[in-house]
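Peer 1: Chains as they are written, first to last, in the numbering used here: chain A, 228 to 586; chain B, 228 to 586; chain C, 228 to 586; chain D, 228 to 586.
Estimated spans, in silico, between C-beta atoms of each pair: (1) B:S400 with D:K547: 53 to 61 angstroms; (2) B:D421 with A:D273: 53 to 61 angstroms; (3) C:G496 with D:K547: 15 to 23 angstroms; (4) C:E374 with B:S280: 55 to 63 angstroms; (5) A:I541 with C:K262: 17 to 25 angstroms.
So the derived list for chain C, only partly shown, Cβ under 7 angstroms to chain A, looks like this: (6) T240; (7) G247; (8) V253; (9) D255; (10) G260; (11) P307; (12) A309.
Below are the BS3-like pairs computed for lysine-lysine, each with C-alpha atoms no more than 25 angstroms apart in a straight line: (13) A:K262 with C:K326; (14) A:K326 with A:K547; (15) D:K547 with D:K320; (16) D:K326 with B:K262; (17) B:K326 with D:K262; (18) C:K262 with B:K585; (19) B:K326 with A:K585; (20) B:K326 with B:K547; (21) C:K585 with D:K326; (22) D:K585 with C:K326; (23) B:K547 with B:K320.
It should be emphasised that the hints constitute simulated quantities derived from the structure, not laboratory data. Every residue gets a Cβ at the ideal spot worked out from N, C-alpha and C, and that includes glycine.
Number of protein chains: 4
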Amino acid sequence: MAGNSFGKIYQLTSFGESHGEALGGVVDGCPAGVKLDVEMIQHELDRRRPGQSRIATPRNESDRVEILSGVFEGVTTGMPIAFIVRNENQRSKDYSNIKDIFRPSHADFTWYSKYGIRDYRGGGRSSAREHIARVVAGAIAKQVLSEFGIAITAYTTQIGDIYFDEYDYIPTSVDIEQSMVRCPNEEVSDRMVDLIEECRAERDSIGGVVKCCITGVPVGLGEPVFDRCQALLAHAMLSINAAKGFEYGEGFRAASMRGSEHNDPFIDGNGSIRTFTNHSGGIQGGVTNGETILFNVAFKPVATIAREQNSVNINGEPVKFTAQGRHDPCVVPRAVPVVEAMAAMVILDLLLQARTNKV
Amino acid sequence: MAGNSFGKIYQLTSFGESHGEALGGVVDGCPAGVKLDVEMIQHELDRRRPGQSRIATPRNESDRVEILSGVFEGVTTGMPIAFIVRNENQRSKDYSNIKDIFRPSHADFTWYSKYGIRDYRGGGRSSAREHIARVVAGAIAKQVLSEFGIAITAYTTQIGDIYFDEYDYIPTSVDIEQSMVRCPNEEVSDRMVDLIEECRAERDSIGGVVKCCITGVPVGLGEPVFDRCQALLAHAMLSINAAKGFEYGEGFRAASMRGSEHNDPFIDGNGSIRTFTNHSGGIQGGVTNGETILFNVAFKPVATIAREQNSVNINGEPVKFTAQGRHDPCVVPRAVPVVEAMAAMVILDLLLQARTNKV
Amino acid sequence: MAGNSFGKIYQLTSFGESHGEALGGVVDGCPAGVKLDVEMIQHELDRRRPGQSRIATPRNESDRVEILSGVFEGVTTGMPIAFIVRNENQRSKDYSNIKDIFRPSHADFTWYSKYGIRDYRGGGRSSAREHIARVVAGAIAKQVLSEFGIAITAYTTQIGDIYFDEYDYIPTSVDIEQSMVRCPNEEVSDRMVDLIEECRAERDSIGGVVKCCITGVPVGLGEPVFDRCQALLAHAMLSINAAKGFEYGEGFRAASMRGSEHNDPFIDGNGSIRTFTNHSGGIQGGVTNGETILFNVAFKPVATIAREQNSVNINGEPVKFTAQGRHDPCVVPRAVPVVEAMAAMVILDLLLQARTNKV
Amino acid sequence: MAGNSFGKIYQLTSFGESHGEALGGVVDGCPAGVKLDVEMIQHELDRRRPGQSRIATPRNESDRVEILSGVFEGVTTGMPIAFIVRNENQRSKDYSNIKDIFRPSHADFTWYSKYGIRDYRGGGRSSAREHIARVVAGAIAKQVLSEFGIAITAYTTQIGDIYFDEYDYIPTSVDIEQSMVRCPNEEVSDRMVDLIEECRAERDSIGGVVKCCITGVPVGLGEPVFDRCQALLAHAMLSINAAKGFEYGEGFRAASMRGSEHNDPFIDGNGSIRTFTNHSGGIQGGVTNGETILFNVAFKPVATIAREQNSVNINGEPVKFTAQGRHDPCVVPRAVPVVEAMAAMVILDLLLQARTNKV
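Sequences are here, hints too, so could you generate the full structure?
Peer 2: Structural data, given as structure tokens:
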């Protein structure tokens with residue numbers, strides 16, 4: 228399987244460049260018989276779209292999704308679901324200032340070296356606009372999962388040094404969406420917004436952390452030994468632009484814990500087996516145990532900053548580089564729906580695979 | 228591809244249970260023409276083997292690897308390399324005490340629910356003895372990589388609350404191996420040993436962190452957008468028993484950094500393009516940039532502790548459970564060669580894939 | 228990998244229904260740096276298009292391909308190449324006569340049973356219009372292969388009981404294309420045309436055979452033991468609508484041959500090793516030997532005939548069914564470019580894989 | 228997935244050389260909960276073993292299978308099932324006569340060119356002894372399939388110019404196994420035996436055809452558009468040593484048939500939908516229709532003959548070559564269980580995949 232496909236049974240193949248004709252994808256392996264709500268897909272895309280608030284980049288694209296196949300009379304047919312989002316005004320810009328320059332901490336240098344050619348317009352395919360395909364495929368997956376009572380909720384828990392982290396708190400989507408930074412605590416959210424504004428004013432950018440909670444997951448998802456649930460989630464999350472780390476359950480904190488503290492005692496949960504605590508984050512032995520899946524994803528500060536930086540051109544000669552235009556000083560809020568989308572794809576894929584475990 | 232295979236071109240298929248006939252694996256896609264040093268493979272296995280020091284479990288197994296195919300007159304032929312390690316005395320033990328019990332934070336409950344059957348002897352395939360296959364496949368990969376000047380070095384940077392972390396320090400293997408906990412700083416190592424002894428005395432266990440450094444990596448490894456180098460490394464690391472988190476470069480620390488701080492300026496490195504700093508951890512845009520790859524893996528405290536714990540039996544009824552026998556209070560030192568092995572497989576796989584990038 | 232993707236390195240993911248919004252595909256793994264001739268792609272599509280001659284169905288669609296990604300300034304970038312062909316007038320037709328009927332020897336019954344839903348408009352995705360994606364992906368593959376001196380030529384060797392088969396004859400494309408049935412021998416071609424006309428007049432259809440010759444193939448393509456060159460070609464060919472058989476080299480005739488007759492003696496071919504005969508059809512031990520690859524694909528008569536047939540409806544009740552509209556009485560001539568396209572994809576995929584065989 | 232693995236959910240990874248330590252394989256994805264009969268597996272291996280009758284090579288190896296993992300108390304656990312067959316006396320032979328020679332129509336030349344090295348002992352991995360892994364994996368698959376009422380029966384229908392072919396005749400295994408050539412018609416079988424003896428006397432070899440019938444298959448197996456049931460069967464069959472062709476249903480004969488003749492009318496089969504005829508061979512639109520699957524596989528005469536042949540050595544210089552030792556003059560009878568095994572793997576894999584088709 229080539230590098231632009233993700234998943235084994237429920238599989239997304241993604242395509243498109245930031246300033247090409249269109250971005251899009253093909254979802255193969257979506258089970259037949261699902262009533263698909265296209266408005267919900269568009270809604271998820273809108274959550275990722277730039278220009279949603281004063282702290283995000285004002286690039287204004289409608290990003291309308293068009294479904295090309297795999298749906299008949301509103302219901303999935305089991306055939307591949309192809310979709311595209313046209314890029315608008317993609318030819319208008321002038322990229323002469325970055326054409327021959329490798330922007331620091333971008334994909335410019337590595338991709339050019341790898342392929343011997345690079346579509347420099349807006350970063351080409353290395354742009355986070357590629358996430359559009361993920362959000363659409365994830366929105367479809369979410370709709371399938373909802374038929375099984377599985378729900379996915381992500382939110383911002385950290386921007387710079389400002390934290391909101393209650394280990395297993397699951398806010399409502401209203402709480403999350405009313406915050407410009409998708410942090411459900413209003414007071415913390417306000418401070419995060421202030422920090423982002425401050426970074427923008429300083430022509431700088433800032434990182435953060437997204438937490439994701441998955442509820443309603445049945446026992447038994449995850450394919451030992453290499454496709455453990457957490458391994459696929461980690462793969463999915465680290466494939467997102469700017470992601471730098473993944474941890475589930477207690478994560479890195481577990482490194483300083485003792486077994487007596489970290490172990491989750493089993494209890495009789497009124498007929499079903501439950502755990503008294505959930506340090507494991509919903510996964511044990513690589514397989515879901517029916518508790519809420521909990522994980523965090525760390526994001527770096529975006530590389531594009533409106534300051535002069537040292538760099539080199541494609542001949543390796545030193546140059547000074549200053550990014551033009553306006554850019555998000557923090558990608559974390561817009562990464563929230565992408566994290567959810569990738570999580571949805573992983574869980575649905577494992578749900579389908581688990582049907583083959585027993586004779 | 229089923230869950231017991233890892234890799235696309237260089238692919239390991241792993242098999243075996245802790246107390247079955249044998250553990251082993253098949254490496255497919257190893258390039259032909261590599262002179263294979265079987266003693267080096269055995270040496271790597273020995274590094275993972277229990278009973279190496281007074282802080283590790285004294286279970287004494289020779290764990291001798293036998294190569295069954297794919298090597299002719301000491302050289303790889305391009306054919307699959309199968310290998311086995313026989314389990315010794317695997318029938319001698321009595322498992323009646325865990326046969327019907329789900330041990331807390333083990334795979335017992337989830338795997339039994341998933342498959343409707345479970346090999347309870349020593350945890351069956353959920354045992355960390357499965358790592359044997361990874362270490363062998365990784366040792367072969369290391370030998371191939373060494374022909375390209377690529378070297379992989381992992382070591383312990385944290386046990387409980389005791390840290391040794393210099394961001395991009397690469398110790399010698401002598402420094403690492405002379406420490407019982409594989410921490411190259413003697414003073415820190417001593418304190419880590421003391422902490423582990425303390426945990427053992429308290430019938431408890433403790434977690435930790437392993438850092439991995441990969442040097443000599445050419446520019447261009449990683450397959451956007453889903454098989455980015457870090458995504459495959461994360462997948463690999465989170466598939467290791469007891470791993471709870473992965474981060475590369477600055478990792479979670481990047482969440483509180485600013486772009487102006489985190490960006491790596493490009494410089495002219497005497498004809499080749501280098502970066503002045505390496506906050507990126509050797510990977511930009513999902514593709515290696517020629518700098519040292521740096522990542523961390525967090526491990527939880529092992530679930531097996533010699534204390535009485537609450538749990539349930541397979542009927543969901545509450546029981547008290549106390550683990551028998553002696554077990555490692557900390558898996559981190561023995562996880563070091565496993566981290567290296569998985570990293571070697573990922574990098575070799577990407578090295579081979581990169582040969583197909585250009586016409 | 229789901230069922231709508233083909234290939235390991237050079238991979239097509241196909242989508243679309245006969246009367247949906249669009250058909251298309253995504254080619255991932257195409258090497259960067261290939262100058263792509265879009266007119267050549269359109270030309271290949273035109274060869275498959277209906278309405279090319281008086282013996283083909285007169286459905287008149289322009290079938291214009293639109294490339295959406297993966298090409299920058301006319302050159303492949305290594306990124307996925309997505310393309311679509313819009314369906315025209317797809318909403319105009321009335322399908323009430325087949326909505327609830329399972330047409331004999333079509334996919335109607337099996338797909339409906341499998342998925343519980345079916346897009347009955349023009350056969351939905353089971354229509355041969357799906358081949359459009361293959362022809363485009365094959366045309367791109369052909370352009371890459373031509374940089375290595377590899378050429379693919381298919382032609383019609385049998386329609387009904389009329390044969391033209393000279394074992395290893397490779398006609399020019401002019402000879403092939405000037406024949407309405409793509410048979411390079413004018414006299415045989417004329418008789419084939421007459422037979423097809425006769426079948427049409429009798430409201431019947433007729434089968435045939437396509438031969439394919441691949442020249443310029445280097446020694447060493449094919450991945451033992453399961454992905455032998457012939458195994459992938461067979462997979463590719465039997466995935467084409469209406470294909471019923473595949474044979475390479477002497478094929479089924481080899482069953483009645485003796486070893487002394489069938490073996491190909493090696494000879495010194497002016498410095499390179501050649502075979503004196505080519506009964507093997509260019510592949511030995513599953514790997515190409517540098518001689519011309521030769522294979523045949525058998526096609527059944529198309530299932531759609533303008534006669535009344537017995538069938539059942541979706542409730543299993545007996546019905547009489549007569550196909551409406553005009554249809555090709557013979558798909559073989561239009562299958563020729565599809566055979567070539569699938570062959571091109573297989574050979575390119577193996578060419579790229581072979582780069583990983585040696586250290 | 229590398230070239231020595233076959234299947235998507237039910238996956239065999241095969242390894243081993245003719246004269247290495249052992250041959251074997253790993254079956255991953257076998258559903259848990261199947262009671263496994265090891266004697267039946269050994270019985271299938273015995274059917275493939277040389278030296279079964281006076282017309283087969285007298286090489287006498289016990290070929291005892293040893294199961295290493297994945298089975299606990301006689302039941303599959305869902306874990307990978309590894310197995311090996313030790314090679315006996317593999318070091319005794321002298322191969323100096325073929326060490327530097329490329330035997331005509333063998334894999335010697337192509338594999339040596341591909342990998343730059345070759346295990347010349349008995350053909351190394353290109354030997355048909357590799358089929359051992361397939362037979363074991365197929366025997367396991369057969370046992371799973373039998374729980375669903377699916378049975379697979381193959382037999383010899385042609386040796387040289389001697390035919391026994393009744394389109395959809397399904398003989399009993401007793402009828403087949405009492406024939407030295409596995410042809411259920413005693414009179415035809417006798418003539419086939421005579422022909423093989425004649426070939427042996429003339430130091431020559433002869434080809435043939437195997438027919439395979441699969442009964443009890445549910446409607447709905449096959450994954451359009453590339454993994455149609457027939458495409459996977461063709462892939463499987465053409466991956467067998469010496470196979471030259473595959474056809475299903477009417478196969479190549481369909482090329483000369485008319486649609487009115489070839490179409491299978493649907494009928495009401497007492498509540499289930501059936502077809503009146505079965506020209507389609509149990510598959511329509513790439514998906515099984517519940518009728519018996521019927522296909523044929525053509526095999527070439529084995530390349531090893533005890534006559535002097537022209538060839539070249541590894542330097543490309545002309546040499547005379549005469550094979551030493553005794554060899555089967557016809558592989559077809561021993562290919563019968565291999566055909567069945569590969570078919571079983573394909574059908575089981577599709578059976579498991581089909582569980583994911585609907586929500």
